[in-house]
Amino acid sequence: MVSRFMSSDSESSEVDPHELVALPNLWPTRLLTLSLVTLCAWVCFDTADRFDGYLDNTKQLHVQRIVVHGVRNLDKDAVIEASEIELGAKLLDIKTERSTQLVVKMPWVKSARVAVQHPDLVEIYVKERQPAALVNNDGQLVVIDSSGQLIEPATTQVDTELPIVNGIDIHLLGSGNLAELETKTRKQCRVRAARPALAASGRNKIERREAQEQYLLHRRQLLAKCRSSRRQLRDLRDQVEQEHALLTRALKLIADWNQTPLRNRFSVGELHINPALGFTIFRLEDGAEVRIGWDDGDRLPRRLDQLAQLLHHVERKSLQLRYARLDDRFAPRRVVYDARGVGRAALVDRIHPAGPAAPRAPRSQNRDKMKPSPKSTKTRRR
15 MVSRFMSSDS ESSEVDPHEL VALPNLWPTR LLTLSLVTLC AWVCFDTADR
65 FDGYLDNTKQ LHVQRIVVHG VRNLDKDAVI EASEIELGAK LLDIKTERST
115 QLVVKMPWVK SARVAVQHPD LVEIYVKERQ PAALVNNDGQ LVVIDSSGQL
165 IEPATTQVDT ELPIVNGIDI HLLGSGNLAE LETKTRKQCR VRAARPALAA
215 SGRNKIERRE AQEQYLLHRR QLLAKCRSSR RQLRDLRDQV EQEHALLTRA
265 LKLIADWNQT PLRNRFSVGE LHINPALGFT IFRLEDGAEV RIGWDDGDRL
315 PRRLDQLAQL LHHVERKSLQ LRYARLDDRF APRRVVYDAR GVGRAALVDR
365 IHPAGPAAPR APRSQNRDKM KPSPKSTKTR RR
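Each residue of the sequence shown is one higher than the last, beginning at 15 in my numbering.
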């Protein structure tokens, strides 16, 4: 019987000897290839080591200059220090992405880019946040940009003519409280109470029932704490969203105001936010108060037109505006204002209609209206 793996003698005798091919010996070729690869690797490492030593001994491909572009409110040395790029460092060792991320973490920086220019220059391009207003934080002013992002406490370098926004809880705008509550909620809602081994040997039914009741009670307490933390987190998020929405509307009102001709006649010094009354603006020069109300729909353009007419009316009479109310919901065309004469202490209280005034009736008609009727005279005679 012939095995599957071994051929019989008859089959081997039938093979033609001319068909047999001798396999080449590949060991010399393999040894030669391995030697060449080893030699090339040694040459490459030796060359790199010598080139590295050459770079260390010379000043080529080393940082000799660091230039910062686009900086106005920031200090250039602070930007260079934040990027962690030092003079004399190798250009090949500088990680531009990491340096860019470090620069972007600065409060004033909106975006940044770090570029390496051979042979010895590093350039840092910075786009700063544009300050839009100042927010009152318990007597300390904090600079914010047009998106409502908190930058830093105001210093003497910041423009003092920026409007001040009051009525915003700046503690809610900071992400510290929200992040802390999110971490606390995540920990409390992570139920890790392992179920006890109820089927342990040596325990009777009463002990297993008590262990199960304790486990269920502990789990119920954890779920109650989790629901309470989630409720607090939801309420805090709603408050943060409301404050951020109010601040966004206030900044939009200031931006729209500055794009109108009223900017030169009534520059915004302060903006008060009242949840019930809306927005109140105070003039920078003399503190004149103007109640705008809420800027819903087309109210803001109409009220700005009313204020322009009022300022023209007051200036034409050589008066100085002290107070104006433009948010009368029952009579939208009515403007109530107070003005004082220049050099006088007289107070003028008037109601100035926005638009053409109604024509007055002649005096003759008024006298006719005042005359008593014939019936009334007869009754008097009687």
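Worth flagging that the hints you see were computed from the coordinates, not collected in a lab.
Treat the hints with caution; some may be incorrect.
As the list claims (entries may be wrong) - Dumping the calculated BS3-like pairs for lysine-lysine here, alpha-carbon to alpha-carbon at most 27 Å:
| hint | residue 1 | residue 2 |
| --- | --- | --- |
| 1 | 109 | 141 |
| 2 | 239 | 124 |
| 3 | 119 | 90 |
| 4 | 219 | 201 |
| 5 | 90 | 104 |
| 6 | 141 | 201 |
| 7 | 198 | 141 |
| 8 | 124 | 141 |
| 9 | 109 | 119 |
| 10 | 331 | 266 |
These are the hints, each one checked on the structure:
no., hint, result
1, 109 <-> 141, "20 Å, holds"
2, 239 <-> 124, "39 Å, violated"
3, 119 <-> 90, "15 Å, holds"
4, 219 <-> 201, "34 Å, violated"
5, 90 <-> 104, "21 Å, holds"
6, 141 <-> 201, "38 Å, violated"
7, 198 <-> 141, "36 Å, violated"
8, 124 <-> 141, "6 Å, holds"
9, 109 <-> 119, "16 Å, holds"
10, 331 <-> 266, "33 Å, violated"
In this structure, the hints that do not hold are numbers 2, 4, 6, 7 and 10, in rising order.
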